[in-house]
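A.B. asks: The primary structure of each chain is shown beneath.
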Amino acid sequence: VSPRNRAIALGLGLLLLAAVPPVASLFNQPFYLDLVRRIMIFAIAAASLNLILGYGGMVSFGHAAYLGVGGYAVGVLAHYGVVDGIVQWALAIGASALVALVIGAVSIRTSGVYFIMITLAFTQMLYYLGISVEEFGGDDGMRLAAKSRFPGVDLNDASVFYYLVLAVLVLVLFLGHRLVNSRFGMVIRAARSNETRTRAIGVSPYRYRLAAFVIAGAVCGLAGALLVNHTAYLTPEFMNWTRSGELMFMVILGGMGSVAGPVLGAFALLVLEDLLSGWTQHWQIVLGPLLVLSVLFFRRGLAGLFDKNE
Amino acid sequence: MNLILVLEQTLNGLQLGVMLFLMAAGLTLVFGIMNLVNLAHGSFYMVGAYLATYFYQLTGSYWLGVLLGLAGTLVVGVAVELVALRTLYERDHLDQVLATFGLILFFNELAAMVWGRAALYTNIPEYLSGHVELLPGLRYPLYRLVIIVVGLAVAGLLWFVVARTRLGMLIRAGASNRAMVAALGVNIRLLYTLVFGFGAALAGLAGLMAGPIYVVQPGMGELILIEVFVVIVIGGIGSIRGALAGALIVGMVDTLGRAFLKPALATVLSPVAAQAAGPALASMLIYLLMAVVLALKPQGLFPARL
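Line by line, the protein sequences give chains A and B. At position 292 of the first sequence the residue is numbered 292 (our numbering), and the sequence of numbers has no breaks. At position 172 of the second sequence the residue is numbered 172 (our numbering), and the sequence of numbers has no breaks.
Among these hints, one or two may not hold up.
As the list claims (entries may be wrong) - Here's a subset of chain B near chain A, in silico, CB distances under 7 Å, partners left out:
id: 1; residue: H93
id: 2; residue: L105
id: 3; residue: E109
id: 4; residue: S129
id: 5; residue: F160
id: 6; residue: P298
Derived from the structure by calculation, the hints contain no laboratory data. All C-beta atoms in this analysis are idealised placements derived from N, C-alpha and C, irrespective of residue type, glycine included.
Using the sequences and the hints given, assemble the complete structure.
C.D. replies: Written out as structure tokens, the structure reads:
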């Protein structure tokens, strides 16, 4: 695909997303606005995972942890009456970055299957922590006391919130694009394709990987802050290990290591889930084998369909 | 009195440990030999529990239930290997994780369709229930003792098979050089299928023994699976000795932590703080242990050589 066609495709996609609120209200179908907003929030989370999984080759099976940390940062502040959005979101990003720093510092020392299991186990640890803290609802979770308040932006207005999510998504994709094409991004990608050579030219990948891991965690924490405002409810389920699996599937279905891939993947997976669950309550019995088939036969993802020669 | 409580909790820890070992042994063998990360291993645990419960209730015979549960899990394991996983041996770990994640969704939903989402409660035959007086004042459930004995016996049997038989020799040879074993005329695919099937049956054994103690419900396998990952990471991936050591350590730390952390904290903190922090810390304990082990020995306590 030429850069020009790519720009046209991106512009069209953006227009389509921007057109959702007016079209949904025209047909009086607020459900779709809700659905697309949720998908975009997950697309942000998947885009952050793509940074380390797709470009960095770090198979993190615990990315839902940061959705949870971001969500709890907002929820806990709101619980104690702090509803200023800037404070809340800053804490969501900061806390997720810190958690990612700790988890990353331990797990990046390992690789391969150890890395997969360790990231999974740490997320499970946070999940159990969420369950055992009764103050914040424990197992049942708690209602978000109030949505984040920003000067001049009212998140209670469904379409205002929608456009905010869209803006964050575009910003995250743009910055992600800049990042992976920077020197920093080159080191990350180089370490993925050949660690020995990367070391041989004088770069030690550990710090770069850790930095990427922290950035991915921070962005995912922001997605968590958006998600808790979207659901208006907070439970440890944010950090459920199946969430981490879903995020990985969004990245893979969309096509690894392409900036728009996670967005396509999030749409594909969540729309599929929505369709199947409308059809039968046992939708997972269809989804499971479909996912297995997609791994076996559809390895390059949706972005691969457009990009034949990469 | 206090000593008796400690002994009782130690036995509980041992019981959890041998269950974790039964799960970890299959998972670590499959990883060590086929280089396959199988998330769906927890599904075999669930399948074993459901099949045994179902056949017990159908036939009225506990032992027939156990036998059919084991055989059924073996068949399911072999079928999964033949249909889905065989093509994944050559793929990278990411693909294996994703594909087996899909399998988990399938199995959990299948169990929910066949047996419902509600938890099944199952009981044990009369001669296995009741308590035994091990020491004066220490009465311990017979069934849990049976689990410990069975688990340790299987561990011994497994060591014998891997270290002392021709089949075990082939397994070890297949782990170190697949192509060479195949060139010597061994049907390596059949060997893989066998190992996978028996690993599944071991998980099924753990599941069917766990059924009467915990509850039988969809998703039960994943709760234990993640603890088994901790076991394997602590013990060293691909190593059966490591799996045994890791399982016993994790079983003890988890059980003793849940039993004694809160009272222990209460001696240094205020009762209210201990009440809040105790359970939270106890549920995180094995993960913290894992982090410490990794920081000191990134390859685990007993790095693989099988």
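A.B. asks: Give a verdict on every hint.
C.D. replies: So, going through the hints one by one against the coordinates:
1. Taking 7 Å as the C-beta contact cut-off toward chain A, the hint placing B/H93 at the interface holds, the least distance being around 5 Å.
2. For B/L105, the shortest C-beta to C-beta distance to chain A is roughly 3 Å, which falls under 7 Å, so the interface hint holds.
3. At a threshold of 7 Å, the smallest CB-CB gap from B/E109 to chain A is about 4 Å, leaving the interface hint in force.
4. Proximity of B/S129 to chain A is violated relative to the hint, the smallest CB-CB distance being about 30 Å (cut-off 7 Å).
5. Among the interface hints, the one on B/F160 is violated; its C-beta lies about 28 Å from the nearest C-beta in chain A, farther than the 7 Å criterion.
6. Contact between B/P298 and chain A, as hinted, is supported at the beta carbon level, the nearest pair being about 5 Å apart and thus within 7 Å.
Violation of the numbered hints given earlier is confined to hints 4 and 5; the remaining hints are satisfied by the structure.
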